[in-house]
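J.: Start from the sequences, fold in the hints, and give me the full structure.
Top to bottom, those sequences are chains E and V.
Under my numbering, the first residue of the first sequence carries the number 1, and numbering increases by one thereafter.
Under my numbering, the first residue of the second sequence carries the number 1, and numbering increases by one thereafter.
What the hints contain is simulated information worked out from the structure, not anything from laboratory work.
Positions of the beta carbon are idealized from the N, C-alpha and C atoms, including for glycine.
Errors might be hidden in some of the hints.
What the hints assert, rightly or not - Cβ-Cβ distance ranges computed for the label pairs, FRET-style:
(1) V:I62 / E:Q420: 51 to 61 Å
(2) E:E591 / V:P50: 17 to 27 Å
(3) V:A49 / E:D442: 32 to 42 Å
(4) E:G566 / V:A49: 50 to 60 Å
Stated by the list, open to error - Examples of chain E residues toward chain V, derived with CB under 7 Å:
(5) N346
(6) K679
(7) L681
(8) N684
(9) Y685
(10) R686
(11) V688
(12) A694
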Amino acid sequence: MSNTGQSGGSSSIDMSQFYQVFFEEAEEHLSNMESLLLSIDPAEASGEELNAIFRAAHSIKGGSGTFGFNDMTEVTHILESLLDRVRKNEMILTTEMVDALLASGDVLKAQLARHRGQGGEPPDASGVCERVKSLMNAGGAKASAPAKTASSSQHAAERDLEIRFPEPAADVDAAAVQDLYDTIGQLGAMTGEIESKDGQRSFQYRTRKSDKELRNLFAFVCDTQAVEIIDPQRAKAEDEAGFGLFGDAEPAKDDSFGFFDELPALPSATTVKDDSFGFFGDDAPGLPASVKSAAAPAADPSIGRRATDHAAADARSGRRETDKNVAAAQDTSIRVSVEKVDQLINQVGELVITQAMLAQAVSKLDPLLFQQMLSGMADLERNTRDLQESVMSIRMLPIGFVFKRFPRMVRDLAGKLNKQVQLLTEGEGTELDKGLIEKIADPLNHLIRNSVDHGIEMPDARVAAGKPAQGTVTLRASHQGGSILIEVVDDGKGLDREKILAKGRERGLPVSDSMSDGEVWGLIFEAGFSTADKVTDISGRGVGMDVVKRNIAELGGTVEIESATGHGTRMKVRLPLTLAIIDGMSVAVGEDVYIIPLATVVESLQAGSRAVRSVAGGGFVVEIRDEYLPVISLHDLFPNDTAAKNESKEGIMLVVESEGVKNAFLVDELLGQQQVVVKSLESNYRRVPGVSGATIMGDGRVALILDVPTLVRMSRH
Amino acid sequence: MSKIDAASHGTIHAGEFLTFVLGSEEYGIDILKVQEIRGYDAVTRIANAPAFIKGVINLRGIIVPIVDLRLKFQVGEALYNDFTVVIILNVSNRTVGVVVDGVSDVMALTADQIRPAPEFGAAVDTRYLTGLAAVEERMLILLDIEGLMSSGDLALTDAAADEAIAA
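T.: Here you go:
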């Protein structure tokens with residue numbers, strides 16, 4: 001299987017065009033390996049998990065060997081050697097090994113980044129390699145005990161087995177059966193007579209040979225997979241270890257990695273000419289998928305067989321099988337550039353507008369004369385709407401893409417702080433816009449760091465408080481109405497009201513003891529605010545929460561805090577589902593139409609001129625339910641040279657809330673409420689103060705979308 | 001600034017030019033910068049923008065700003081009727097529409113027809129005049145439309161607007 005020595009880079013075929021495929025695949029394998037390592041429990045690592053990690057490492061090794069990235073090949077080779085021994089139960093997986101494996105994963109990532117031209121220092125691979133090697137050597141001594149169950153070891157101990165195989169079919173040559181018995185006799189000792197019942201033959205057998213070797217003997221007589229090899233001792237060991245060993249996983253390995261063995265060999269083949277390009281072009285990108293799918297079915301029969309042997313393991317392996325199916329389903333995806341998707345979304349947007357225009361034109365026709373046409377239009381409307389929804393859903397990604405980076409961070413952070421922290425994630429399947437996914441990672445990172453660093457106490461303090469030593473940080477995503485709610489919950493010590501108030505006074509913030517909890521917690525979003533007693537390299541510099549709040553506000557979201565002293569803190573981040581479509585209220589200001597994001601609108605009311613009062617300095621306020629709100633006339637902010645100014649302050653008051661402050665926008669008319677597709681003004685023009693974008697209305701005209709927070713700020717100057 | 005260099009060296013290359021009329025003057029721009037020519041549609045005004053920026057239109061799903069060159073150069077009368085023409089330009093990876101009085105012709109000019117533009121106080125910054133061309137009895141003013149559209153004067157882009165403020 002080893003292809004370490006091969007370097008495809010020296011071949012005559014220009015491999016650079018396949019680099020991108022390798023980079024993406026390697027990255028996927030690395031992150032897959034990392035998440036597997038994080039989820040694995042060294043005490044009861046299943047063969048399936050170990051195999052999956054091994055496969056990831058092996059795939060990277062194969063790929064990097066093919067493309068001549070020898071540094072990566074070296075590291076993965078050592079990784080693979082260790083994993084292979086663990087997988088074959090020659091060694092027992094330990095936490096140190098998981099740490100070393102994770103560290104080498106980081107080195108591989110850094111190496112990958114360098115090959116991609118993303119720069120960075122060349123990672124120190126030798127340290128990690130030494131670490132893995134020393135673990136491998138140290139483990140070698142321990143390995144003697146479990147080695148007796150190692151199936152492929154040359155010096156395997158003698159085993160007493162019961163072998164069952166189906167009655168040879170009628171067309172099987174009797175000589176072949178006799179040959180089989182002879183060979184079996186040579187390789188070990190039959191300790192009993194061959195019994196034949198229920199269409200099965202069985203016999204007791206003592207041998208040093210591995211299951212696989214034994215199985216292969218039956219190739220001429222019956223299906224090798226139908227041969228049952230029952231090892232009473234191993235069954236016992238497995239019951240204790242809880243589904244631990246996986247002696248006969250070789251078929252899976254061989255099936256899947258046959259591909260890789262052929263691949264590196266290809267460039268050096270003399271017959272490779274033009275048609276080799278065809279092979280590579282077609283097969284190379286698809287290869288990893290076929291490897292995975294080949295591996296999955298190959299692994300499944302062995303699980304199934306084991307499950308019948310061990311009823312206890314039944315439920316577990318069943319779950320694994322479904323997991324496997326889910327994973328396989330995810331593999332049937334294609335990579336498409338975001339530009340293409342955006343182009344598609346734009347074009348569908350166009351189609352929707354055209355359809356709306358047609359519908360408007362057709363609505364004037366006589367329904368009796370044009371019945372067919374009108375029903376066709378109704379179909380068209382439904383189809384375009386469905387199409388738009390489907391196209392929009394392409395941009396939606398499960399939030400698990402963001403979540404999966406956090407277990408590692410929490411693990412490292414907890415290790416650094418000597419805390420015990422587990423991270424639970426819920427609702428990974430919740431989908432939101434790709435643009436949001438990319439931008440929400442940083443704020444979430446901050447919130448989780450805060451929870452681990454400030455929220456969760458040291459283990460002894462937790463035990464003293466009657467809590468389990470291990471703290472829990474829960475990351476939960478869910479849909480709520482038209483928005484997505486992401487919660488970061490910890491069961492730590494909670495926020496300290498007194499401390500925050502004291503800190504607030506110290507910093508000269510307007511605080512009082514009568515402030516509500518919500519207001520007090522809000523203080524931690526002030527710039528430079530930190531209640532940490534000492535500054536660590538993790539957090540405590542007071543840079544962060546204000547940035548978090550600002551970043552989330554930029555995405556059109558909000559962040560709230562709930563906290564109970566001694567019980568924990570809950571940070572709630574609310575985000576719109578997508579940045580590409582918003583619910584808007586269209587309003588008329590003179591002859592112009594503007595869109596106000598519905599999320600900011602609290603209410604609208606007809607204000608008689610009496611309710612509006614002038615305040616010294618030229619401002620106006622309106623009294624709405626005993627509350628005086630500043631009036632912002634959109635006529636003033638967007639002067640309209642054609643229409644007469646609305647001096648009387650009559651019209652519609654639209655109460656909007658932004659950054660926690662309410663204001664009343666004075667507009668002439670409310671036109672309606674609709675979903676609008678946000679388009680950028682900046683792509684062909686420039687930023688316009690107070691305008692966040694533009695959209696195209698049903699009649700094909702452009703309407704500007706107002707940026708409420710900026711407008712409120714503008715009105716104050 | 002490359003566009004200034006281009007103008008000062010008078011290096012305008014011969015080629016095909018779209019000619020259009022502003023008031024009584026005839027201008028020519030590189031045909032390769034022109035995406036299409038269309039009638040003047042209703043625009044959506046952008047409040048607080050200079051008068052020569054008429055607003056934005058929906059051009060098959062893209063939001064395109066419309067500049068009235070007549071207002072910018074203060075030539076002719078800014079009338080908007082069925083004959084008003086918008087030239088949609090593709091300059092510096094952006095799409096911009098300019099309003100002109102009328103489009104007259106596409107002309108192939110040879111290098112010896114093009115004379116360098118003299119320095120003079122014109123409404124158009126001479127930086128963006130790349131030359132004058134004599135065609136029969138008429139004079140064609142050749143514009144560096146790309147330079148003009150990305151200039152600070154028009155402030156059509158964020159970068160250009162910042163530049164104008166800084167200047």
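J.: Checking each numbered hint in turn, tell me which of them this model violates, lowest number first.
T.: none
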